[in-house]
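Asks: What follows is the residue order along each chain.
Number of protein chains: 2
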Amino acid sequence: MADLTLQATEYVVCHSLPRSPASSCLLHSSSGRLAAPLLKRLSLSTSKLNSLAIGLRQIAASSQDSVGRVLRRTRIAKNLELEQVTVPIGVLLVIFESRPDCLPQVAALAIASGNGLLLKGGKEASHSNRILHLLTQEALSIHGVKEAVQLVNTREEVEDLCRLDKMIDLIIPRGSSQLVRDIQKAAKGIPVMGHSEGICHMYVDSEASVDKATRLVRDSKCEYPAACNALETLLIHRDLLRTPLFDQIIDMLRVEQVKIHAGPKFASYLTFSPSEVKSLRTEYGDLELCIEVVDSVQEAIDHIHKYGSSHTDVIVTENEKTAEFFLQHVDSACVFWNASTRFSDGYRFGLGAEVGISTSRIHARGPVGLEGLLTTKWLLRGQDHVVSDFSEHGSLKYLHENLPVPQRNTN
Amino acid sequence: MADLTLQATEYVVCHSLPRSPASSCLLHSSSGRLAAPLLKRLSLSTSKLNSLAIGLRQIAASSQDSVGRVLRRTRIAKNLELEQVTVPIGVLLVIFESRPDCLPQVAALAIASGNGLLLKGGKEASHSNRILHLLTQEALSIHGVKEAVQLVNTREEVEDLCRLDKMIDLIIPRGSSQLVRDIQKAAKGIPVMGHSEGICHMYVDSEASVDKATRLVRDSKCEYPAACNALETLLIHRDLLRTPLFDQIIDMLRVEQVKIHAGPKFASYLTFSPSEVKSLRTEYGDLELCIEVVDSVQEAIDHIHKYGSSHTDVIVTENEKTAEFFLQHVDSACVFWNASTRFSDGYRFGLGAEVGISTSRIHARGPVGLEGLLTTKWLLRGQDHVVSDFSEHGSLKYLHENLPVPQRNTN
Numbered sequence: 001m002a003d004l005t006l007q008a009t010e011y012v013v014c015h016s017l018p019r020s021p022a023s024s025c026l027l028h029s030s031s032g033r034l035a036a037p038l039l040k041r042l043s044l045s046t047s048k049l050n051s052l053a054i055g056l057r058q059i060a061a062s063s064q065d066s067v068g069r070v071l072r073r074t075r076i077a078k079n080l081e082l083e084q085v086t087v088p089i090g091v092l093l094v095i096f097e098s099r100p101d102c103l104p105q106v107a108a109l110a111i112a113s114g115n116g117l118l119l120k121g122g123k124e125a126s127h128s129n130r131i132l133h134l135l136t137q138e139a140l141s142i143h144g145v146k147e148a149v150q151l152v153n154t155r156e157e158v159e160d161l162c163r164l165d166k167m168i169d170l171i172i173p174r175g176s177s178q179l180v181r182d183i184q185k186a187a188k189g190i191p192v193m194g195h196s197e198g199i200c201h202m203y204v205d206s207e208a209s210v211d212k213a214t215r216l217v218r219d220s221k222c223e224y225p226a227a228c229n230a231l232e233t234l235l236i237h238r239d240l241l242r243t244p245l246f247d248q249i250i251d252m253l254r255v256e257q258v259k260i261h262a263g264p265k266f267a268s269y270l271t272f273s274p275s276e277v278k279s280l281r282t283e284y285g286d287l288e289l290c291i292e293v294v295d296s297v298q299e300a301i302d303h304i305h306k307y308g309s310s311h312t313d314v315i316v317t318e319n320e321k322t323a324e325f326f327l328q329h330v331d332s333a334c335v336f337w338n339a340s341t342r343f344s345d346g347y348r349f350g351l352g353a354e355v356g357i358s359t360s361r362i363h364a365r366g367p368v369g370l371e372g373l374l375t376t377k378w379l380l381r382g383q384d385h386v387v388s389d390f391s392e393h394g395s396l397k398y399l400h401e402n403l404p405v406p407q408r409n410t411n
Numbered sequence: 001m002a003d004l005t006l007q008a009t010e011y012v013v014c015h016s017l018p019r020s021p022a023s024s025c026l027l028h029s030s031s032g033r034l035a036a037p038l039l040k041r042l043s044l045s046t047s048k049l050n051s052l053a054i055g056l057r058q059i060a061a062s063s064q065d066s067v068g069r070v071l072r073r074t075r076i077a078k079n080l081e082l083e084q085v086t087v088p089i090g091v092l093l094v095i096f097e098s099r100p101d102c103l104p105q106v107a108a109l110a111i112a113s114g115n116g117l118l119l120k121g122g123k124e125a126s127h128s129n130r131i132l133h134l135l136t137q138e139a140l141s142i143h144g145v146k147e148a149v150q151l152v153n154t155r156e157e158v159e160d161l162c163r164l165d166k167m168i169d170l171i172i173p174r175g176s177s178q179l180v181r182d183i184q185k186a187a188k189g190i191p192v193m194g195h196s197e198g199i200c201h202m203y204v205d206s207e208a209s210v211d212k213a214t215r216l217v218r219d220s221k222c223e224y225p226a227a228c229n230a231l232e233t234l235l236i237h238r239d240l241l242r243t244p245l246f247d248q249i250i251d252m253l254r255v256e257q258v259k260i261h262a263g264p265k266f267a268s269y270l271t272f273s274p275s276e277v278k279s280l281r282t283e284y285g286d287l288e289l290c291i292e293v294v295d296s297v298q299e300a301i302d303h304i305h306k307y308g309s310s311h312t313d314v315i316v317t318e319n320e321k322t323a324e325f326f327l328q329h330v331d332s333a334c335v336f337w338n339a340s341t342r343f344s345d346g347y348r349f350g351l352g353a354e355v356g357i358s359t360s361r362i363h364a365r366g367p368v369g370l371e372g373l374l375t376t377k378w379l380l381r382g383q384d385h386v387v388s389d390f391s392e393h394g395s396l397k398y399l400h401e402n403l404p405v406p407q408r409n410t411n
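For the record, the sequence lines run as chains A and B.
Just so we're aligned, residue 1 is where the first sequence starts under the numbering used here, counting upward by one.
Just so we're aligned, residue 1 is where the second sequence starts under the numbering used here, counting upward by one.
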C-alpha cells in the first residue's frame with residue numbers, strides 16, 4: 001500500500017510538473033469573461049506546481065506507515081493481545097471550488113490513506129481537472145486500482161450522492177461558507193467535515209511590540225483576504241488607543257486600502273468615522289476589517305468565544321504569561337502567539353496538504369491532512385478466551401498491561 | 001485538572017462502595033412489577049460495585065495526562081513551533097437505559113476528560129441515579145465545579161436538548177438499537193456517537209478446534225444474550241457439516257436452549273428443520289442464533305460485509321495465515337481471532353470504562369473510553385512570523401522538522 005501510494009503520488013507529481021514554463025499553459029482554463037482573482041486561482045503556474053510537488057512528496061514520504069499503523073497494544077491476559085490499528089475511512093466525497101491544484105492534493109491524501117475518492121471540482125477549472133484526473137488514473141492504473149479516484153461532473157450528481165449514506169462515509173466540502181452550508185443541508189446521514197465560517201481574530205495586547213503587530217496584521221489581513229484563515233476582527237487593548245502602535249497599524253491599513261468597520265466600543269473613541277459594524281460576527285473575505293476595543297486579555301477571549309467561529313485566533317504580545325493564558329483559554333481549532341493567522345493551513349503545518357480545515361469538535365480539528373482521513377479498528381488475538389473465565393468466580397484476571405508500540409518513522 | 005479528576009473519581013468510588021453488603025440496598029430500585037432480568041440490570045450488587053470501582057480507579061489513573069497532552073510537535077521555522085494538544089470536546093449529552101452503574105462510569109470519563117456532562121438515565125433506576133448523581137456532585141463541589149455533571153429527568157427534556165446545537169457538542173446514546181435510532185433522528189446538527197445495531201458474527205473455519213469453537217460460541221451467545229456484543233450469526237465452513245465439531249456445537253446450543261434459525265444454504269443441508277431466517281441481518285438479543293454455511297474464509301468475509309453491522313466479528317481457526325487474512329480484511333470496529341465476541345467492551349479492553357461502542361467511521365470507533373471524549377487544538381508559538389516571508393521570493397523556508405513528543409505514562 002505504501003509503495004503504491006509513493007509511486008502513484010510521484011507519478012502525478014512528475015507528470016503534472018511542467019517541463020518548461022510554457023507547457024504549464026496546457027493545464028490552464030482561461031476565458032475573457034472571468035474576473036482576474038478567479039483567473040489567478042484557476043491558473044496552474046510553475047510556482048504553484050512546484051509548491052504542489054513539494055507537498056505531494058511530503059504526503060508520499062509520510063504515507064509509508066499511515067495505514068495499518070499500531071496506535072496501542074494491550075495485554076488483556078496471557079496470550080490475549082489487543083491492538084488498535086489505523087485503517088481507511090472508506091469512500092470520501094470531496095467537493096472543491098475553482099482551484100484545480102486541490103485535485104492532485106486531495107487525490108494524493110486519499111491514495112496515501114487508502115480511501116476511495118469521489119471528486120467534484122469547480123466548472124471553471126473543468127479542463128485542468130480533467131487532465132489532472134487522467135494523470136491520477138494513469139498512475140493508479142499501473143497498480144490495477146484506476147477506479148479508486150473518480151470525477152463527479154454535475155451539481156445534480158453531488159446532490160444525489162449526498163443521500164447515499166450506505167456508500168459514502170464522509171463528505172468534505174472545501175470552499176466558500178455557502179458551499180459548506182449547502183452541503184451540510186444536503187447530506188442525509190453522512191458526516192460532513194469542514195468549516196462553515198472563518199472569523200479569525202487577532203488580539204493586540206497592551207504589551208505588544210509596535211512593529212510586530214503591524215507586520216502580523218498586514219500579513220493576516222492583506223496577504224490573501226479571500227482565504228478562510230485571513231483576519232476579520234482586530235481586537236485592540238484600550239491602553240493602545242492614541243499611541244504610536246495604534247497609529248502605525250491604522251496608517252498601514254490605509255496604505256493597504258483596507259476598509260475599516262468599527263465595533264461599538266471602538267466607534268465611541270473615534271475622532272474619524274469609519275462605518276460601524278452591522279455584526280461583530282462577519283467574515284468579510286475581502287480588504288475589510290472590523291476593529292474593536294477590549295480592556296484585557298480576558299475580555300478578548302470572551303469576545304472571541306462570543307463572536308468567533310473557533311477557526312484561528314491570535315495574540316500579539318511580548319508577555320509570555322499573557323500569551324500562555326490566551327493559548328490555553330481560547331477554545332479554537334488553532335490558537336497562535338505572534339504569528340500570522342495565515343499559517344493555519346495543512347501545507348504550512350507540515351501535513352503535506354490538507355483536505356480542508358475543520359472547525360467541528362469531533363474527529364479531526366483544524367487543518368486536516370492524512371491522519372484525518374483514517375479511522376481505527378481493534379484486533380484481538382487469543383487462543384480460546386471467553387469472558388466467563390474473567391467473571392467474579394472465574395479462573396482468570398484481566399492484566400491490562402500496556403505493551404510497547406512500534407515507533408513512528410519521523411522525517 | 002488531573003488532580004481534580006483523580007480526587008473526584010476516588011470520592012465517587014469510595015462513597016458509592018457499600019460498607020457492608022446490606023448497605024448496597026440503599027442504591028437499589030425495586031418493584032414487584034419489573035421483570036427479573038431488568039431487576040438484575042437495575043441492582044447494584046457488591047460485586048458490580050467492586051468491578052465499577054476497579055474501572056473508575058483505572059480511569060483516574062489514566063486521566064493524569066489526558067487533557068493537554070502533546071500529540072505532535074513540529075518546528076515550522078526557526079523560533080516558530082507548532083504543537084497539537086488534547087482538549088475536551090465540550091458539553092456531552094449521554095442517554096443511557098436502566099443500568100445505574102453507567103452513571104458513575106460516564107461521569108468519571110467526562111470528569112477525567114474535562115467535559116461538561118448532561119446525563120439522562122432510565123426511569124426504572126431513578127432512585128439509584130439520584131443518589132449516584134448526588135455523590136458525584138458532592139465530589140465535584142470540593143473543587144468548585146459541582147454543576148459540571150447534571151441530571152436530565154424527562155424524555156421531553158432530551159428532545160429539547162437534541163436541538164441545542166450551539167450548546168451541546170456530542171450526543172451519546174447508550175442502550176437499545178431503538179434508543180440510538182430515536183436519538184439519531186432527534187439530533188439536529190449535533191453529532192451522535194453510537195451503534196445502531198450489534199450484529200456480531202463468528203466464522204468457524206475448516207481448521208478450527210472442536211473444543212475451542214464450542215467454548216467460544218457458548219460464551220459469545222449464552223453468557224449475556226441481550227448485550228450488543230453477543231453473537232447473532234454463526235458462519236460454519238461447509239467441510240464441518242456432519243463432523244463431530246458441528247454436532248458438538250449443535251448439542252451445546254440445545255443444552256443451552258438456544259433457538260436456531262437456519263440461513264438459506266444451511267437449511268438446504270438439514271435433516272432436522274429449524275425455522276428459516278426471515279433476514280440474515282437480525283439482532284436477536286436473546287437465546288436465538290442464525291446459522292449459515294460458507295465455502296471459504298473469503299465467503300465468510302463477504303457475508304459479514306453484506307449482512308453485518310461492523311461491530312464485532314470473530315474467526316475461530318488454528319491456521320494463523322487464515323486468521324490474519326480475516327483480521328486484515330474484515331472491516332469492522334472489532335475483529336477477533338479465537339476470542340469471544342463479548343470482549344468487545346471498554347472495561348475488558350483496559351480503557352477503564354466506556355461511554356459506548358461506536359460503529360461510525362469517524363472520530364472514535366469500537367469501545368469508546370477517555371480518548372474518545374477528547375479533541376485537539378493546534379498551538380503555534382512564533383516571534384513575528386508572517387507567511388509572506390515564506391513565499392517564492394521570501395527570505396525563509398519551511399523546515400517542518402518533527403520534534404520529540406513527551407512520552408505518555410504507561411501503567
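Some hints here could point you the wrong way.
Treat identical chains as interchangeable: a pair holds within one or across any two.
DSS-like, lysine-lysine: derived pairs with alpha carbons at most 25 angstroms apart [to be verified]:
#1 Lys259 / Lys188
#2 Lys185 / Lys166
#3 Lys185 / Lys397
#4 Lys123 / Lys259
#5 Lys185 / Lys123
#6 Lys40 / Lys185
#7 Lys321 / Lys78
#8 Lys306 / Lys123
#9 Lys146 / Lys265
#10 Lys265 / Lys278
#11 Lys278 / Lys306
#12 Lys123 / Lys48
#13 Lys78 / Lys397
#14 Lys259 / Lys185
#15 Lys188 / Lys166
#16 Lys146 / Lys397
#17 Lys146 / Lys123
Bear in mind the hints are in silico, worked out from the structure with no lab data behind them.
This structure is a prediction, so every number in the text was calculated from the model and none was measured.
Asks: When no copy is named, should Lys185 and Lys123 be tagged within, between, both, or neither for a Cα gap of at most 25 angstroms?
Replies: Answer is within; shortest intra-copy Cα gap is 21 angstroms, inter-copy 35 angstroms.
Asks: Classify it for me, Lys278 with Lys306: is the Cα-Cα distance of at most 25 angstroms met within a copy, between copies, both or neither?
Replies: Within. Shortest intra-copy distance 15 angstroms satisfies the 25 angstroms Cα cut-off; inter-copy 54 angstroms does not.
Asks: With identical chains, the pair Lys321 and Lys78 could be close in the same copy or across copies; at 25 angstroms between alpha carbons, which is it: within, between, both, or neither?
Replies: For Lys321 and Lys78, the Cα distance is within 25 angstroms only across copies (21 angstroms; inside one copy 49 angstroms).
Asks: Regarding Lys259 and Lys185, is the shortest C-alpha distance of 25 angstroms or less found within a copy, between copies, in both, or in neither?
Replies: neither (33 angstroms within a copy, 45 angstroms between copies)
Asks: Pop the pair Lys146 and Lys265 into one bin, within, between, both or neither, using alpha-carbon distances up to 25 angstroms.
Replies: This pair counts as neither: shortest intra-copy Cα distance 59 angstroms, inter-copy 36 angstroms.
Asks: Classify it for me, Lys40 with Lys185: is the Cα-Cα distance of at most 25 angstroms met within a copy, between copies, both or neither?
Replies: neither (30 angstroms within a copy, 44 angstroms between copies)
Asks: Given a CA cutoff of 25 angstroms, do Lys185 and Lys397 count as a within-copy pair, a between-copy pair, both, or neither?
Replies: Neither way: Lys185 and Lys397 sit 50 angstroms apart in one copy and 41 angstroms across, limit 25 angstroms.
Asks: Tell me, please, which holds for Lys78 and Lys397 at an alpha-carbon limit of 25 angstroms: within, between, both or neither?
Replies: Close inside one copy (10 angstroms), not across copies (51 angstroms); limit 25 angstroms.
Asks: I want to check one pair: Lys146 and Lys123. Are their C-alpha atoms no more than 25 angstroms apart within a copy, between two copies, both, or neither?
Replies: So Lys146 and Lys123 pass the 25 angstroms test inside one copy only (23 angstroms; across, 55 angstroms).
Asks: Can you tell me if Lys185 and Lys166 fall within 25 angstroms by alpha carbon in one copy, between copies, both or neither?
Replies: Both, since 18 angstroms and 17 angstroms are each at most 25 angstroms.
Asks: Indicate which option fits the pair Lys306, Lys123 if close means a Cα-Cα distance not exceeding 25 angstroms: within, between, both or neither.
Replies: neither (37 angstroms within a copy, 36 angstroms between copies)
Asks: Check Lys265 against Lys278 for me: Cα-Cα at most 25 angstroms, and say if that holds within a copy, between copies, both or neither.
Replies: within (13 angstroms within a copy, 69 angstroms between copies)
Checked against the numbered hints listed earlier, the structure breaks hints 1, 3, 4, 6, 8, 9, 14, 16; every other hint is satisfied.
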